[in-house]
Amino acid sequence: MKKNKENNIRRFFFSLLGIIMITAPCLLRAGDIKLSLETEFTVFYDKNYSPPFSFQFRETKLFLDTYISEHSNALIEYVMHEDFKRAVVERAYFIQRDLLFNSQLTFGQFHSPFGYYNAFTVTRSMTKNVALSPDGILPAFKLRSVDTGVLWDLPLEPMSFSIAIVNGNNASGLRDDNNFKDFIGHWMYDFDQFQFGLNGYYGKKNSLDPNGTVIQYADVNVAAIGVETMVLFDKAVVAGEVIAQKYALMKSIGGYVMMNYDLSDLMKTLRYVSRFEIFNPNTVVKNNIRIQCAQGFFYTLDRGYKLKCEYILNIGHTKQELDKMFIELEYEL
Amino acid sequence: MKKQRTFFITLLCCFNICFVNAQDDVNAETGLPKTLHTIIDKNLDDQFAEIEKALIIMEHIEPRDVVLITVPLENYIEDVLFTINRPAIIYPQTMFRLIRKFFREGKSRDEIERLLVEMQKHNQIKKLYEEEQGK
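From first to last, the protein sequence lines are chains A and Z.
My numbering applies: residue 1 is where the first sequence begins, and numbers increase by one.
My numbering applies: residue 1 is where the second sequence begins, and numbers increase by one.
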């Protein structure tokens, strides 16, 4: 175990050295390639795990943002999870802006444009992060994911449209073993202080036989629809989503409301965040409703330093999971 | 994993060979660009720090009055735009002129911080930028 950890750390530093060696000539030649590192150090309390109280590096992200011209950028995001045990290329894409009707085109591996990507809170919403896998045989599917393909964004103020065609592998990967391309659509109307949007996903997954090999041309439909809304108040931002998903015979439904409240009157740069969520991962199963409530405070200590504290309360069926708490220090280099 | 690593290194090499292009819209006096598109906290952070630095050097404003004055705006952009998966577009030259104007009008630090967030919420900084550009 210890040796494995040492190997992971060694591998991380060798990777880092390799990246620096490759990018160094670029960085010396031009000031328009920006390398940045974001580390999240967490004090974690969760009775579901052993040890329940631990210190860990939750995530370390390495960004390489390239300014190609006024109209184009390229980005690579390399993420190391859980004490560097797991590392993946999260995003790697090229953006071309100011095309026809001021639209923009993104090629590569990007975040799915279905609704909101993160919650205001440290912990992420169950509705988009719990992977659905009917019968445990079909490949897992979740809406908050990265995928490889093409994304077209069209802003027609006060509206905006996004359409993406992706592999549908729903994971970071180069090999496309899905014989159908998935479609994602997003429409949003901005009423200045109020935003309203609709989202849609349609795709097919290759089914797997019990030994895990892909049964080619045996596709299973996956579809999702969602409604999103955001309201801007003087001191607060309130946003929420409701999403229904269908994957083979499995149906799930869930929704959440989140808030970010400015407490700068109390203390400069202090914010209160909360999220309330109801999620049913499989509507066929009885008493399966999960309810979660997250409450927390974010405090900006200085440029690039943020302290986040959050308590997650599980209610209903999720009560089987015990409550947890995070104290996180986010540092940007 | 091995394939991913190969892909990552190949991409970096491509950047090395192809992409070097100086930023053409940087103001010679302040060193600030007209616009910045980003989805990275750190880039946003650096750009706001540059605006504050330019105000200290060009306008001789006391550092204690201006340092971290853009943090509430930055927090708002990160909390809202990045959370909902939208890139941030900021207008550094316009913001420099705007904050300078506020200081010249004798507005307090708290008031300037509040006004910047307010203006961002109502898209007024973008409108100001477009007016300046004659769009």
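Everything labelled a hint here was simulated from the structure, so no lab data went into it.
All figures in this text were calculated on a predicted structure; none of them were measured in a lab.
There's no promise every hint is true.
[Unchecked claim] With a straight-line cut-off of 16 Å between C-alpha atoms, the simulated EDC-like cross-links for lysine to aspartate or glutamate are:
id	chain 1	residue 1	chain 2	residue 2
1	A	Lys-308	Z	Asp-79
2	Z	Lys-127	A	Glu-157
3	A	Lys-47	A	Asp-323
4	Z	Lys-126	A	Asp-46
5	A	Lys-235	Z	Glu-118
6	Z	Lys-34	Z	Glu-132
7	Z	Lys-34	A	Glu-38
8	A	Lys-235	Z	Glu-111
9	Z	Lys-121	Z	Glu-78
10	Z	Lys-127	A	Asp-323
11	Z	Lys-121	A	Glu-38
12	A	Lys-308	A	Glu-38
[Unchecked claim] Chain Z stretches covered by chain A per the calculated footprint, using a threshold of three residues with CB under 8 Å from any CB of chain A:
id	segment
13	29-40
14	78-92
Note that beta-carbon positions come from the ideal geometry of N, C-alpha and C, so glycine has one too.
Okay, the hints, checked on the actual structure:
1. A:Lys-308 - Z:Asp-79: Holds, because 13 Å separates the two Cα atoms, which is no more than 16 Å.
2. Z:Lys-127 - A:Glu-157: Distance of about 13 Å is within 16 Å: holds.
3. A:Lys-47 - A:Asp-323: 7 Å, holds
4. Z:Lys-126 - A:Asp-46: Answer violated: Lys-126 (chain Z) to Asp-46 (chain A) is near 44 Å, above 16 Å.
5. A:Lys-235 - Z:Glu-118: 10 Å, holds
6. Z:Lys-34 - Z:Glu-132: 11 Å, holds
7. Z:Lys-34 - A:Glu-38: 26 Å, violated
8. A:Lys-235 - Z:Glu-111: Cα-Cα ~14 Å, so holds.
9. Z:Lys-121 - Z:Glu-78: 13 Å, holds
10. Z:Lys-127 - A:Asp-323: 46 Å, violated
11. Z:Lys-121 - A:Glu-38: 26 Å, violated
12. A:Lys-308 - A:Glu-38: It holds: about 14 Å lies between the C-alpha atoms, which stays within 16 Å.
13. 29-40: holds (count 5)
14. 78-92: holds (count 6)
Hint compliance for this structure: hints 4, 7, 10, 11 are broken, all remaining hints hold.
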